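Using the sequences and the hints, build the whole thing.
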Amino acid sequence: AGPTVEQQGEMARAGGRTLAALQPEQRAEIIYRLADLLTDQREEILLANKKDLEEAENKGRLALPLLKRLSLSTSKLNSLAIGLRQIAASSQDSVGRVIRRTRIAKDLDLEQVTVPIGVLLVIFESRPDCLPQVSALAIASGNGLLLKGGKEAAYSNQILHHLTQEALSIHGVKDAVQLVNTREEVEDLCRLDKLIDLIIPRGSSQLVRNIQKAAKGIPVMGHSEGICHVYVDTDASVEKVTRIIRDSKCEYPAACNALETLLIHRDLLRTPLFDQIIDMLRVEQVKIHAGPKFASYLTFSPSEVKSLRTEYGDLECCIEVVDSVQEAVEHIHKYGSSHTDVIITENEKTAEFFLQHVDSACVFWNASTRFSDGYRFGLGAEVGISTSRIHARGPVGIEGLLTTKWLLRGDNHVVSDFSEHGSMKYLHESLPLPQRNTN
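Note that UniProt numbering has the sequence shown beginning at 1, numbered continuously upward.
Keep in mind that a hint or two might mislead.
As the list claims (entries may be wrong) - Distance condition first, Cα-Cα at most 25 Å in a straight line; then the derived DSS-like pairs of lysine-lysine:
(1) K334 <-> K293
(2) K216 <-> K194
(3) K51 <-> K76
(4) K240 <-> K349
(5) K405 <-> K194
(6) K151 <-> K174
(7) K306 <-> K287
(8) K174 <-> K194
(9) K76 <-> K106
Source of the hints: derived by calculation from the structure; they are not laboratory data. Note that the structure is a prediction, hence the values are computed from the model and not measured.
Take a look at the structure:
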């Protein structure tokens with residue numbers, strides 16, 4: 001029998017500390033090596049993935065969107081490798097970066113520096129490509145990592161974890177990333193508050209909600225839903241509207257940053273632009289659900305929506321009508337999930353109102369919802385998208401996996417020296433930060 005999950009947690013903690021103590025170049029070397037292994041061992045990875053897909057199809061348990069997520073391909077592996085190299089290149093000064101320096105008093109200097117969070121538990125469903133991505137981000141940020149994948153991706157996860165450990169072993173930190181293969185239920189893992197510092201669920205909104213409920217004293221980073229809106233304003237450009245809506249909804253409907261509700265200004269209902277939107281959605285075979293206000297304008301209509309808070313995850317969307325940008329913002333606040341929301345307009349004043357007032361992690365003007373992604377933001381990859389308001393928000397890359405600690409360097413200083421009758425005075429002077437390594 002292999003190690004217990006408690007032992008794996010302790011190994012990840014010890015391995016993570018050794019990893020954090022490496023030079024930034026050494027952590028980058030591990031990630032570059034993993035990127036190379038993803039392309040060098042492509043055949044073996046795809047063979048293992050084929051086994052998972054065959055088993056899933058034979059059992060008939062997975063819906064089509066989940067099967068798509070389970071599937072790996074040469075192009076997916078190539079994209080993964082590119083993303084990993086981006087992480088390696090951008091990770092050089094993530095751990096140990098000085099973000100504040102203060103001279104408290106003569107010969108008493110304070111620094112605030114970035115440090116890893118500790119041990120992360122990442123729980124993911126049907127997405128084997130998540131494993132190398134998350135591993136690279138944990139390596140770059142010096143965190144120990146426990147990975148718990150869905151059993152539907154068991155073969156793929158096994159080979160990808162083996163390659164991750166092979167890359168880690170070039171600097172003797174193989175234990176930093178652990179794959180939990182025991183039959184431990186997710187609920188049991190969520191109780192290991194002495195071993196785990198942060199839980200990151202990657203999967204369905206149901207999975208995230210279950211983990212948020214089960215986590216005992218461990219913070220959970222993530223979002224339970226991706227109910228993303230696109231609002232089409234009266235001043236929208238005809239050329240931009242169908243392109244942005246098509247990309248937001250049809251490019252990858254199962255993604256958490258895909259469009260789910262289309263808000264249209266009432267004045268556009270009897271215009272050629274509205275007809276073009278509907279025609280495009282029909283051509284793309286998107287099933288339309290009518291919101292209550294939209295349904296009231298139509299003599300015949302698509303099925304009325306059951307809930308305005310629906311994440312379809314498929315070629316379906318809701319259309320609702322609003323009277324103004326203010327009403328669009330109110331609708332988003334009432335029914336959205338604070339993930340990603342978009343306005344299409346040529347009116348800069350209206351756009352700025354939307355950007356400032358929509359209280360979501362990502363708010364865009366004249367751009368597809370699909371841009372809310374760590375790779376597209378230049379973060380290399382992401383461990384997920386957070387709609388939380390504390391710590392990290394939006395696509396979470398290396399920076400979101402770091403916290404800080406305070407370093408105080410003194411010379412026989414004691415607090416009593418600073419009392420009313422003491423010999424010392426507080427200076428509290430800001431000091432310049434050291435030059436960042438931008439290589």
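Hint by hint, here is what the structure shows:
no.: 1; hint: K334 <-> K293; result: 15 Å, holds
no.: 2; hint: K216 <-> K194; result: 10 Å, holds
no.: 3; hint: K51 <-> K76; result: 17 Å, holds
no.: 4; hint: K240 <-> K349; result: 18 Å, holds
no.: 5; hint: K405 <-> K194; result: 20 Å, holds
no.: 6; hint: K151 <-> K174; result: 23 Å, holds
no.: 7; hint: K306 <-> K287; result: 14 Å, holds
no.: 8; hint: K174 <-> K194; result: 22 Å, holds
no.: 9; hint: K76 <-> K106; result: 56 Å, violated
The structure fails hint 9 only (numbered hints given earlier).
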